[in-house]
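**Student:** Residue numbers (my numbering), protein chains in the order written: chain A, 1 to 369; chain B, 1 to 415.
Honestly, the hints are just simulated from the structure, not real lab data. Remember, predicted model here, so these are calculated numbers, not experimental data. C-beta atoms are modelled at their ideal positions from N, C-alpha and C, and glycine is treated no differently. Hints may be right or wrong, so weigh each one.
Label-pair restraints from in silico Cβ distances [as the list claims (entries may be wrong)]:
hint, chain 1, residue 1, chain 2, residue 2, range
1, B, Lys277, A, Gly300, 27 to 37 Å
2, B, Lys277, A, Gly54, 17 to 27 Å
3, B, Glu330, A, Val178, 46 to 56 Å
4, A, Ala86, B, Glu350, 52 to 62 Å
5, B, Pro201, A, Asp173, 18 to 28 Å
6, A, Thr91, B, His202, 23 to 33 Å
7, B, Glu262, A, Asp43, 49 to 59 Å
8, A, Pro298, B, Lys277, 23 to 33 Å
9, B, Glu330, A, Arg348, 22 to 32 Å
10, B, Pro201, A, Gly347, 28 to 38 Å
11, A, Gly54, B, Arg281, 28 to 38 Å
12, A, Glu234, B, Arg84, 23 to 33 Å
In silico DSS-like cross-links for lysine-lysine, where the CA-CA straight-line distance does not exceed 30 Å [as the list claims (entries may be wrong)]:
hint, chain 1, residue 1, chain 2, residue 2
13, A, Lys187, A, Lys212
14, B, Lys314, A, Lys76
15, B, Lys415, A, Lys57
Sample of chain A residues facing chain B (criterion: CB under 7 Å; computed from the structure) [said to hold, decoys possible]:
hint, residue
16, Pro296
17, Ile345
18, Leu346
Residue strings, one per chain:
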Amino acid sequence: MTGSPALDKLMASSPYSLPQREKRAVLTERTRELTRHHYERCDLYRNLLDRIFGGPKALQFDTLEDAPFFPVSLFKTRELRSVDPAAVVKTLTSSGTTGQAVSRIHLDAGTAQLQSRTLVKIMQHFLGVQRRPMVFLDHPGVIRDRRSSSARAAGILGMLPFGRQPFYALRDDMSLDVDGLLEYIRKVGEQSPIFFGFTYMVWQYFVEALEKLNLQLSLAGAILLHSGGWKKLEPLKVGQEEFRHRLIAVAGIESVINFYGMVEQVGSVYFENPLHFLHASIYSDIIVRDTNTLKPLPPGRQGLIQVISALPESYPGHSLLTEDIGMVEGSDNPAIGMHGQYFRILGRLAKADLRGCSDTFQKPLPMPS
Amino acid sequence: MSTTTDNDLLVRLLAPALNVQSVESALHMNELPAEPFSARRCRTLGQLSRIILQDAELRADAGTVALGYWLRRANIDRLTEAFRRRQEGEPDVVFVPAGRVFHVAPGNVDTMFVYSWALSYLCGNRNIVRLSGEQSQVLVRLLGLLSRQMQDDAELAEGNRFLTYEHNQSISAAFSRWATHRVLWGGDETVSLLRTLPLSPHASERAFGSKFSYSVISIRAYLEAGIDAASKLAAGFFNDVFWFDQMACSSPHLVMWVGSPEQMDTTLDRFHHALAKEIERRGYRGGSSNAIHRLNFVFDLACETDLTADLNQKEFLAVRLSDTAALRKEICGGGLFTHSRVDHLLDVAELGEERDQTITHFGFSRTELRELAQRAGARGLDRFVPIGEALSFEAIWDGYDLIGDFLRRVTVRVK
Chain A
1 MTGSPALDKL
11 MASSPYSLPQ
21 REKRAVLTER
31 TRELTRHHYE
41 RCDLYRNLLD
51 RIFGGPKALQ
61 FDTLEDAPFF
71 PVSLFKTREL
81 RSVDPAAVVK
91 TLTSSGTTGQ
101 AVSRIHLDAG
111 TAQLQSRTLV
121 KIMQHFLGVQ
131 RRPMVFLDHP
141 GVIRDRRSSS
151 ARAAGILGML
161 PFGRQPFYAL
171 RDDMSLDVDG
181 LLEYIRKVGE
191 QSPIFFGFTY
201 MVWQYFVEAL
211 EKLNLQLSLA
221 GAILLHSGGW
231 KKLEPLKVGQ
241 EEFRHRLIAV
251 AGIESVINFY
261 GMVEQVGSVY
271 FENPLHFLHA
281 SIYSDIIVRD
291 TNTLKPLPPG
301 RQGLIQVISA
311 LPESYPGHSL
321 LTEDIGMVEG
331 SDNPAIGMHG
341 QYFRILGRLA
351 KADLRGCSDT
361 FQKPLPMPS
Chain B
1 MSTTTDNDLL
11 VRLLAPALNV
21 QSVESALHMN
31 ELPAEPFSAR
41 RCRTLGQLSR
51 IILQDAELRA
61 DAGTVALGYW
71 LRRANIDRLT
81 EAFRRRQEGE
91 PDVVFVPAGR
101 VFHVAPGNVD
111 TMFVYSWALS
121 YLCGNRNIVR
131 LSGEQSQVLV
141 RLLGLLSRQM
151 QDDAELAEGN
161 RFLTYEHNQS
171 ISAAFSRWAT
181 HRVLWGGDET
191 VSLLRTLPLS
201 PHASERAFGS
211 KFSYSVISIR
221 AYLEAGIDAA
231 SKLAAGFFND
241 VFWFDQMACS
251 SPHLVMWVGS
261 PEQMDTTLDR
271 FHHALAKEIE
281 RRGYRGGSSN
291 AIHRLNFVFD
301 LACETDLTAD
311 LNQKEFLAVR
321 LSDTAALRKE
331 ICGGGLFTHS
341 RVDHLLDVAE
351 LGEERDQTIT
361 HFGFSRTELR
371 ELAQRAGARG
381 LDRFVPIGEA
391 LSFEAIWDGY
401 DLIGDFLRRV
411 TVRVK
């Protein structure tokens, strides 16, 4: 019991069990609760509501679309916390390229626990209750060298509890350890493994590597989970469909599941449903807004994605405007046996390039070679 | 010892032709002496004006239309007339071109480089203009037209190079060595970076650092002027803000209202309403990421600054400060401005800083403004123009006489 009937109801239900209308009602109630919770506990959040959303009246809203939000980038410039620093058990940081500011997300024991509970429920829906052998399409050093890429390490560490006998299929130089992988598959025998990796790494170091080696594996029954966006594959003109086809061709993996999530809302991730759209569980939802006016848009119209999560209690991250562009594709589709709405990510909003009389040369670039 | 020679350094030429060539060949220009404000050069700029204003694509871009008007014969004649007066006023001086001018054009403010170049060209100089790497469609078109004109005008083609290169100190150094005058448009960072490159001991330099510009409006005059005047003012404010995505150094980022606090709500409602209508009337649509860019700025600001903001505006986001003391002169751009209020016009002088450039104004007398200029100018402000004229380029810029910069004065005195 959490002290919140809305949260209790969500936590007691399975992730795709509530029809969209019913889910929205519970999630709206929970969002009102969280908005008030953070208003009372986080000074900066209260400043935002007072100064931009008109003060306490912003706490009363009837629809999720009217809930206050703020741009997710604020976690990069501000310390947003609704608990005492002493209560923080873990601080998550976003990936971010070198030199860029990173998001800092402060978790207390309660929020961390809510996150792992929902993550387990969502994972189990797709992967089953049994923990299966797990192959990481990365090298083992990535979780030791925390400086290299915290998002990669965090992804693997987050995934570890859902599998067993972890195996890292890449060597330190990122080459595919084919012999090691075949040996591992032989060892685990009947139980087909779960593969996990970042989308572009799966492509570059697994699919393309196998193709170059002219090797075909038959990993029927295995599941590939991947995430991290398609941006790096764009120049290669690799879309979702080709990704799946080439994976089947080269590795025999038929079950490929993409997921969308962010460090600012761990736990309430969006997994790819059988229609190949990203599906919102009952613990979260999205609202698509016009990139210009920020007005909510109906299904089928593309815009900025706002993410709502029922989980964040230690930091005010329950309603965030992302810079991702997407569109709602449908909801409560009986054909897939999952309630709730599903959507597609179409890319990321191009960064505002507002250079003026300043920044003639932007920042020093390397000499052209 | 560096073994690199100017022959190994490559630049991308944009006009008179499109090709990659060495710095050395870019520097190879005719050495014929030219005369300031020659009839021929005046004519060339007039032709350029016609070509720009007749081009359907360029005519769709307000900033370029303004440029076309500025280059038209009547305006060039005015500049020439002013030069003749200058000559008459100084009978002991023979004016000659400064010689070889290296211009570093500003980043995203597409057409600004043409003003700097045109004045220098008019003064009879040879010019190298470095443009930023990413050129907009408008700029590409403009350079194309310039190249075409160069085909019929050998003097224009032989004495001017428009080019680009990725940031490379060796190339900038070579052009700096060549120059007798260097003009750096481009903000504090670029200026600091390029200033480390030595010029010839005989050369001179003008640098334009990052600037902050704002508006001052009399509350009483604004309300008394009525709705029609508010619409007209909104049209002017629109130009000042939106032509270059609010990133020109003279675009306002702050509106300082002068008067009593009681009427602020009414005033701002009218102001926002008029601006929204103007945006609607022109069918203006800013860049797709401008809205989120404004939001990121405002939410970060609101964490620590007491303000109110209305997210329901389209294409702009206005922030209202409760206390002028909380003002931070930070630039967001893309349609964000801050409202603040003072009791008296002269209070604005207290806010003056070295980097302040243009004040666009409404509702004050010449005497009042001159008094403010007297007080605030010493702190940095350079220019007071009516709202709507922020981006009108003038030969006096940032308080400096550009034509004076592009000329050398040779004194000839006889007994």
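**Student:** With reference to the structure, classify each hint as holding or not holding.
**Tutor:** For each hint, the structure was consulted:
1. Lys277(B) to Gly300(A): 27 to 37 Å: holds (31 Å)
2. Lys277(B) to Gly54(A): 17 to 27 Å: holds (24 Å)
3. Glu330(B) to Val178(A): 46 to 56 Å: holds (54 Å)
4. Ala86(A) to Glu350(B): 52 to 62 Å: At 44 Å between Cβs, range violated.
5. Pro201(B) to Asp173(A): 18 to 28 Å: Given a distance of about 54 Å, which is not inside 18 to 28 Å, the answer is violated.
6. Thr91(A) to His202(B): 23 to 33 Å: With Cβ atoms ~59 Å apart, the hint is violated.
7. Glu262(B) to Asp43(A): 49 to 59 Å: The hinted range 49 to 59 Å is violated for Glu262(B) and Asp43(A), with Cβ atoms some 31 Å apart.
8. Pro298(A) to Lys277(B): 23 to 33 Å: holds (27 Å)
9. Glu330(B) to Arg348(A): 22 to 32 Å: holds (25 Å)
10. Pro201(B) to Gly347(A): 28 to 38 Å: Roughly 53 Å apart at Cβ, these two residues miss the hinted range, so it is violated.
11. Gly54(A) to Arg281(B): 28 to 38 Å: For Arg281(B) against Gly54(A), whose Cβ atoms are near 29 Å apart, the range 28 to 38 Å holds.
12. Glu234(A) to Arg84(B): 23 to 33 Å: Given range 23 to 33 Å: violated, Cβ gap about 59 Å.
13. Lys187(A) to Lys212(A): holds (25 Å)
14. Lys314(B) to Lys76(A): holds (26 Å)
15. Lys415(B) to Lys57(A): violated (85 Å)
16. Pro296: violated (13 Å)
17. Ile345: violated (16 Å)
18. Leu346: Violated: closest Cβ of chain B sits about 12 Å from Leu346(A), beyond 7 Å.
When held up to the earlier numbered hints, the structure conflicts with 4, 5, 6, 7, 10, 12, 15, 16, 17, 18 and fits the remainder.
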